[in-house]
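Taken in order, these protein sequences are the chains called A, B and C. Under the working numbering, the first sequence has 222 at position 222, and the numbering climbs by one with no breaks. Under the working numbering, the second sequence has 190 at position 190, and the numbering climbs by one with no breaks. Under the working numbering, the third sequence has 75 at position 75, and the numbering climbs by one with no breaks.
Hint data in this document are derived by calculation from the structure and do not stem from the laboratory. Treat the hints with caution; some may be incorrect.
Pairwise CB distance ranges (calculated) [unchecked claim]:
(1) A:293 with C:74: 31 to 37 Å
(2) C:130 with B:69: 53 to 59 Å
(3) A:174 with C:275: 49 to 55 Å
Computed far set for chain C versus chain A, every beta-carbon distance over 12 Å [to be verified]:
(4) 60
(5) 71
(6) 103
(7) 119
(8) 138
(9) 145
(10) 161
(11) 163
(12) 185
(13) 211
(14) 282
Here a beta-carbon is modelled for each residue, glycine too, at the ideal position from N, C-alpha and C.
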Amino acid sequence: MIGEAVSGRMRRAGLYLWPIVPPAMLAVIVTLLVSHGSTYMHSILILGLINLLFVVGLYSFSGTSGVFSFGHIGFAAIGAYSAGIFAIAPGTKRELFGSMPAALIHLHAGTSISTLIGGCIAAVAGAITSVPLMRLGGLAASLATFALLIIVHVVGQNLNQVTNGQSGMADVPITTTPWRALAWCLVAIVVVYLFQESRWGLRLRASREDEVAARACGVGIFNERRLAWILSAFVVGIGGALYGQFLGTFNADAFYLSISFLIIAMLVVGGRNSLAGAVVGCAFISVVAEGLRRIEAGPHIGPVHIPSRPGLGAVGLGVIMVLVLVLRPRGLTGGREILWPFKRAIRGRLAPVESRSVIAVAPASTQDGS
Amino acid sequence: MLSIEDLHVSYGRVPALKGISLEVDAGEIVGLVGPNGAGKTTTLSTVFGLIRPDSGSILLEGRSLVGEAPERIVRLGVALVPEGRHIFNTLTVSENLAMGATARSDRAGVRRDLAGLLERFPVLERYYDSPAGRLSGGEQQQLAIARALLSRPRLLLLDEPSLGLAPVVIDLVFDVLAELRNEGVTILLVEQNAARAVELADRSYVLRTGEVALAGSRDDLQVAEHLETAYLGL
Amino acid sequence: MHELIQNAIDALSFGSLYALFALGIALIFGIMGLINFAHGELIMAGGFALVFLGHPGWPLLILGTLGVTVAFALATERIAFRPVRGADPITLLVTSFAVSYLLQNLAQVLFGSVPKTTNLSTSLAESFSIGGVYIAKLDVVTVVATVVLLVGLGLFLGKTRIGVQMRAAAEDFRMARVLGVNANWVIATAFALSGLLAGVAAILLVAQTGVVTSTIGSSPVLVAFIATVLGGIGSLRGAVLGGFILGIITVALQAYLPLELRYYRDAFAYGAVIVMLLARPQGLIVAKSIVTRV
């Protein structure tokens with residue numbers, strides 16, 4: 001009996017402490033890889049961690065609310081440009097960017113501050129865009145986020161005074177190290193985890209499962225979604241800022257369709273309904289993508305040289321994503337990490353609902369008086 | 001005609017039917033009553049192939065229906081009038097009826113049957129070219145039944161036809177069902193309105209939490225306490 | 001005045017093309033709840049078909065291209081979309097996104113990224129004038145083709161047996177199956193029709209620009225989405241209306257935006273749509289069957 005009490009308490013303690021384990025493991029793995037790896041390995045690691053920020057950011061909105069966003073990389077672009085403007089020394093800016101107004105040229109800050117500013121400005125953009133977007137229903141909102149990506153891209157390519165147009169930013173101090181990236185990742189994971197377990201996060205996830213039922217319970221998802229959107233914009237913005245300070249030179253094309261697809265693939269393959277899914281997906285796809293990249297470059301297998309074909313890696317990624325979606329639509333983690341047995345029991349009692357009823361719901365607007 | 005034996009159905013890990021058995025003989029009306037959540041709709045949905053059972057058998061005149069797609073089952077002579085009527089609001093009454101004949105290929109026969117149905121349900125003739133969404137609840141129920149009948153079913157499954165209808169309309173609908181039985185159509189009727197269902201049906205089963213709690217003929221069940229006991233599980 | 005008429009004709013022409021794009025998306029969505037990102041790649045396939053068919057004369061060229069797009073559409077349905085049928089909307093959406101990405105890059109691997117040229121633009125680029133207004137032959141062809149397709153589609157859905165089945169399935173798929181409608185046939189028909197629309201769109205699009213690349217489908221698909229959302233998801237008429245309105249907005253912006261802002265034309269267009277959606281989040285035409293009340 002004493003044994004039972006002890007193990008019961010240990011189990012409960014384990015339940016509380018468990019969330020710490022994955023981030024700790026991440027820190028350990030990164031440390032190992034950094035100390036034993038080459039410079040090339042460091043670059044891969046940094047990219048992986050930046051992608052992790054993107055995926056975790058995307059998850060914090062799409063995974064919790066169930067509204068899929070195709071445009072989040074737009075926030076990364078905003079973060080990257082903002083941080084870049086602050087990070088580059090005024091003298092350099094004056095030399096390189098002819099059309100930049102003086103106000104922007106004088107801005108200067110250290111690495112971490114610049115990164116933080118990048119995230120904050122992205123968050124502001126999130127706040128502004130949340131006004132129109134949250135009024136739209138799930139599917140319409142998803143398509144609108146796609147439009148958002150296009151808009152950011154168009155502006156980025158043409159707003160010469162701020163972004164230097166198609167030539168883009170150059171000479172951004174390359175300050176992103178694996179440690180900085182890891183630090184920001186850990187912060188993001190903790191923050192997003194706290195959010196999803198918070199009152200607002202729980203309400204959001206309830207609305208994700210069944211929008212009609214949630215509204216019937218009085219969950220006005222408008223505000224919760226807005227919060228998630230802004231948070232996700234911040235996290236993705238940070239990622240963008242780090243990315244900009246890793247590339248050193250970039251323009252809006254670096255934040256467009258292929259990276260958007262990569263991030264979405266990571267979230268979907270890992271399991272879009274859980275934070276663990278975001279992390280697992282990122283790790284898995286990073287490894288696979290690296291493998292595909294090596295094949296694309298034309299490896300030598302013994303005496304045979306496979307010719308390099310650009311784009312083959314992307315095809316491979318696409319195939320993998322389709323396979324996962326067909327065979328295991330909930331992703332590698334199966335959306336696990338969420339215990340919602342109450343909901344499942346309820347759902348079991350009802351007749352099988354056509355999946356379309358999820359979108360066949362009037363959007364969360366105040367028009368219909370509810 | 002229809003023989004269900006030891007049927008087990010569950011939604012994920014939640015069991016909905018825990019081994020029910022029932023028989024429907026040709027030319028009779030069998031009622032399936034019980035409180036909410038008892039598994040009545042599940043039973044009909046499973047018979048019609050919309051849900052796969054975990055185990056058990058469903059035989060239609062000796063032929064197994066388990067694993068068949070609904071499109072196939074319709075062509076075997078079974079028609080389902082689901083709960084909530086489910087008529088196509090944006091289609092006209094005539095188009096709704098035409099949908100009922102989807103499984104049939106004999107145009108002349110369909111035309112004849114259609115004429116007969118319009119006679120039996122004159123309101124449908126009146127609104128023949130109007131969008132079905134304009135009909136009242138009772139009229140829509142008539143349309144749903146007519147549509148199901150157009151497939152010339154040997155076995156008609158009805159799920160809560162009286163739901164949301166005024167008593168006088170329920171009378172009409174149940175009269176039609178009695179007429180159909182006299183014309184040789186076999187009917188399995190699921191109803192919340194136990195009293196009326198038991199009165200109409202030749203035999204009834206009472207379902208409670210996935211199991212058959214009581215079964216018997218009209219006379220047996222109309223002894224009131226039996227029904228109450230079965231319903232409340234006392 | 002002439003300029004106004006010119007712009008009006010442009011708007012009509014663009015609107016027609018956009019309506020075709022949008023309809024291809026709306027058809028599939030109505031039946032399956034799937035927003036087909038890969039529709040753009042159907043157009044791409046049509047484009048490459050045009051390139052490789054060469055110039056065997058118009059009838060053969062058109063038939064060949066349409067044959068390719070329809071076959072492609074049916075293939076994507078069979079291989080990629082049938083296995084995920086009935087899945088939740090996000091899975092469907094992301095699957096079509098993945099298929100689109102895959103096909104686009106596959107085309108790049110096979111055909112390279114250098115744009116391919118066709119001979120289409122020569123005869124259609126001619127214009128004739130009526131009272132001082134220059135009308136390109138292509139504009140006329142675009143509008144006429146669109147009208148013919150719209151009327152044909154309307155007749156098909158309204159009068160034919162399988163058309164009624166499609167409309168029923170679009171409103172209530174489960175009930176249609178209960179009545180005996182063959183799910184596979186109905187969905188295949190919808191995809192075939194969308195392939196047809198994509199093929200025509202490809203011909204008109206390539207006739208305009210003269211070149212084909214692997215990314216030629218991206219822009220039409222985005223236009224199609226926006227038009228569908230604007231017009232009202234779930235409504236075929238809404239999709240057409242949305243297409244025309246988007247066409248009008250685009251041409252209006254192109255004509256009347258000050259020069260420096262021209263580059264942002266697309267940004268403004270989509271911004272305008274988002275503003276419109278604020279006023280009517282469900283789009284302009286609400287499909288009656290779609291709204292569920294709490």
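Hints versus structure:
1. A:293 with C:74: 31 to 37 Å: 34 Å, holds
2. C:130 with B:69: 53 to 59 Å: 58 Å, holds
3. A:174 with C:275: 49 to 55 Å: 40 Å, violated
4. 60: It holds; residue 60 (chain C) is separated from chain A by about 31 Å at its closest Cβ, greater than 12 Å.
5. 71: 19 Å, holds
6. 103: 8 Å, violated
7. 119: 27 Å, holds
8. 138: 26 Å, holds
9. 145: Holds: least Cβ distance 26 Å, greater than 12 Å.
10. 161: 24 Å, holds
11. 163: 21 Å, holds
12. 185: 19 Å, holds
13. 211: 19 Å, holds
14. 282: 7 Å, violated
In summary, the structure is inconsistent with hints 3, 6, 14 from the numbered list given earlier, while agreeing with the others.
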